[in-house]
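Chemist: So you can see what is in the structure, the chains are spelled out below.
Number of protein chains: 2
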Amino acid sequence: MEELIQISPGIDPHGASSGQTGKEQQAAGVGILLQIMMLVLSFVLGHVLRRHKFYYLPEASASLLIGLIVGGLANISNTETSIRAWFNFHEEFFFLFLLPPIIFQSGFSLAPKPFFSNFGAIVTFAIGGTFIASMVTGVLVYLGGLMFLMYKLPFVECLMFGALISATDPVTVLSIFQELGTDVNLYALVFGESVLNDAMAISLYRTMSLVRSNASSEHNFFMLVVRFLETFVGSMSAGVGVGFISALLFKYAGLDIDNLQNLESCLFVLFPYFSYMLAEGLGLSGIVSILFTGIVMKHYAFSNLSESSQRFVSAFFHLISSLAETFVFIYMGFDIAMEQHSWSHIGFIFFSILFIIIARAANVFSCAYLVNLARPAHRKIPLKHQKALWYSGLRGAMAFALALQSIHDLPEGHGQTIFTATTAIVVLTVLLIGGSTGTMLEALQVVGDSHDGSLGETYSLPENLERNHTYIAPTYDVESSSGNKFKMKLKELHNTASFSALDKNYLTPFFTSNNGDVDDDFDGPTPPSSRGNGFHRYG
Amino acid sequence: MEELIQISPGIDPHGASSGQTGKEQQAAGVGILLQIMMLVLSFVLGHVLRRHKFYYLPEASASLLIGLIVGGLANISNTETSIRAWFNFHEEFFFLFLLPPIIFQSGFSLAPKPFFSNFGAIVTFAIGGTFIASMVTGVLVYLGGLMFLMYKLPFVECLMFGALISATDPVTVLSIFQELGTDVNLYALVFGESVLNDAMAISLYRTMSLVRSNASSEHNFFMLVVRFLETFVGSMSAGVGVGFISALLFKYAGLDIDNLQNLESCLFVLFPYFSYMLAEGLGLSGIVSILFTGIVMKHYAFSNLSESSQRFVSAFFHLISSLAETFVFIYMGFDIAMEQHSWSHIGFIFFSILFIIIARAANVFSCAYLVNLARPAHRKIPLKHQKALWYSGLRGAMAFALALQSIHDLPEGHGQTIFTATTAIVVLTVLLIGGSTGTMLEALQVVGDSHDGSLGETYSLPENLERNHTYIAPTYDVESSSGNKFKMKLKELHNTASFSALDKNYLTPFFTSNNGDVDDDFDGPTPPSSRGNGFHRYG
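Protein sequences appear in the order of chains A and B. full-length UniProt numbering puts the first residue of the first sequence at 1, with every later residue one more than the last. full-length UniProt numbering puts the first residue of the second sequence at 1, with every later residue one more than the last.
Simulated from the structure, these hints should not be mistaken for lab results. Mixed in with the good hints, there may be bad ones.
[Stated by the list, open to error] To be clear about the criterion: a stretch of chain A counts as covered by chain B if any three or more of its residues have a C-beta under 8 Å from a C-beta of chain B, and this derived list gives those stretches:
1. 35-48
2. 173-179
3. 308-320
For glycine and all other residues, C-beta sits at the position ideal for the given N, C-alpha and C.
Work out the full structure: start from the sequences and follow the hints.
Modeler: Given below as structure tokens:
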């Protein structure tokens, strides 16, 4: 984007000096036009493939391929540099505009119960596991270099590579999980790990890059852990706080009456981004923050909206995140095809693939062992879930973005080697693992598994999860009789005792206008009868 | 945006060399955070003011003021340059991302009948009138300079200033028109003129800037007119073409069954942007193109969507355009407070305000005279409408963006003077005209005027327009009996004969799946009964 200095629409008069702006503007038009066409193509192709139940080429892989092919064609033909500029992968664009909607939608469409009941395991995998994986990869790559098996990187550079390549991608595997339907606990583990380990990988990468520049003699291992926990807890609190504020705002502002659907939606849509930028502005992790804002807003703020706004914002976030997800893969594919790669170190690529497989195994099986030690017999993670988790570690946009950054950070050619290897790993894992996840899930017999509430073969798992699973949004359980309520309450207290009780007795009544359980008089200024009349002005 | 080289979330380790990226990233976070907070504030303030029927500070003026105040505070306190970078008004951001949704929504929410029945008048005002206004302003400013009344600009620079300052802004005045309710023909005139004259002003500005750089000895007056018409007709055809293609796609793709609401909405949302970028890529005017795409998509493609998608996309475009509109004014206010201004030429500002008032009078009254010559007695534009039109010419973001560009185009300080004058004119007209439009409309007695179908005092005029006015979307008139149909048809043929007949008999049956008039068998693959079941998966 920085290449475009002056762009404005209107006539391009093919002039000499003033024609420069006209040309730039036309280039921007052509660039964005191509991107839109690829987006449309991806959506249509993805739809057709899904229609025909062809799971070997999931939507993400299809988008990546489209990007690669169009990028390759643009590389062969002599496309103007001003058009190319629109296709360079900009890390800031990725982190500030593409990533937030994807992560928010993850949190917003999440079934909170399996996520929180597996929270300990998820944190173990995400923090401990990612640390193990980074270290194992880094050490193995260093040893490989020492033994002349592969390109020799200095030790700290090896650890940086280990950190960035340990960020797994949630998009592709989860979309297959959703389509095939799998165990909710496995889904929660894979999902939770892949979202949280991005934050861990970034923080490890940054710390290593700091160690490399020798600016941190005081940063020992202990400090590193403290700093990570600080960031994590801080970001989580910021996210949860913003979520609660939004819930109170929508409870008391009375926007769900009076045809104010547009205002209501505008404000609702701005909160997640606010949370992300608040965390970033405080030097915390925006990803973690927006994830928790998503969870809290869905659970509390969402039910304070008018019915039409509820329908609208769900569809809105779904739309925005699908666009962002698809775009990320196209964008990545195109950039991979356009960038300079140093293919001289093919051995480095081969061995690093081998090493990340080993490192992921070390991560998953050791952490699962630890988690199983702490869990009671009926809640242990079965071996087939561990295998599925091991298999699901494909690398995506996060690793790619960090590798691009490493080119700037490591100027002596090391960055270039890391970038090429990461690129190859991303393409291979997305195409191979993405294409074979369906087969793997079937082979491990975790498809439609009824371990803790199974899912049919449907298109939209997160919504179904909520319905099939015992979690019911506070608004909707007003109908259930009081006898049932008592049983449900007892059961819930038994299940995930403390949090559920806190939620039911204090948080839900306080943050939502319709608690549907104890005191229906504890109501916001909004009579429920006025809901659902916000949409009629559109249409 | 170009100041930010590497941004990524995660921990900011306060380090020396690697801390640079951390700081940039934090600055981006703080910058965007401030922008979101101002957006929220504008929405809330606008809502409160509207609630209390306080029309002296419309939402746009409030946003501009918020931007000015926060910008002023940021200027006094020593805000970091890296944060400031996020608030500089980038012309490319405005033209590529903020303007398209605003213009599309204008077309999408437009009542086509008053627009097309006044099309001749609108084109006369937009093309002839803007040309007259530019020339009058330019010549007066040049004469003023010759007579030492004001800063002396060369003649071509005067004409450039005349061109850019003739772009009137549709946002503020129209929002007041909508809230107070006014004559549909007056609304159509003001709206149509302000949208189309943007395209004219840009093209005039670019031609003048070309004449200045002496690159166009062959560009005489005749060529200029031909080139403008070429651009206009080309852009209109591109826009209408994209609209028709989208209508056919949604008619035959069968996406309105089968819970494919997300896919349907994704594709629908991409088409307008496609149209804008197509026109830009061809060197045409994106504004004109996306405006006509909006009109065509609403009229034909929209009724081919499933009911839930119809509701969703209406709300979506409304949301996006409100966000963009509000943001434009905040952004402009902030930038005005932050930029360097050369206040030494205060006389220039004073006289140019005087001259644009004269030029606008010359534009409106002469064009209205011409239009009235051609119109039959009962359709003449009454004097009070002419006065209202004269009064409504406030200058907004388009003039501002072109003035910013003139700083690059005219480096000898002339650009700076033009920019300062434009800034002052924008702030004054938005605050003064915006605040007094309500009073003016009441004084001229055009509020709730029942000249050709009046509107009550409602919040959302475009939707009401459609309902109160005879235009009924093709989908909804299936219920009317055949006797009524015949009468309606006769009446319509009489009214705006040729286009309506063409629309009714050929375009609507061909491009929509539900024509509701002649042959109900001429139906797309979509049974109407399947509609309206797309939303239940959200919620």
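Chemist: Decide, hint by hint, whether the structure agrees.
Modeler: Results for each hint:
1. 35-48: As far as the region 35-48 of chain A goes, the hint holds, because 7 residues have Cβ atoms under 8 Å from chain B.
2. 173-179: violated (count 0)
3. 308-320: Answer holds; 9 residues pass the 8 Å Cβ test.
In terms of the numbered hints stated before, the structure departs from hint 2 and from no other.
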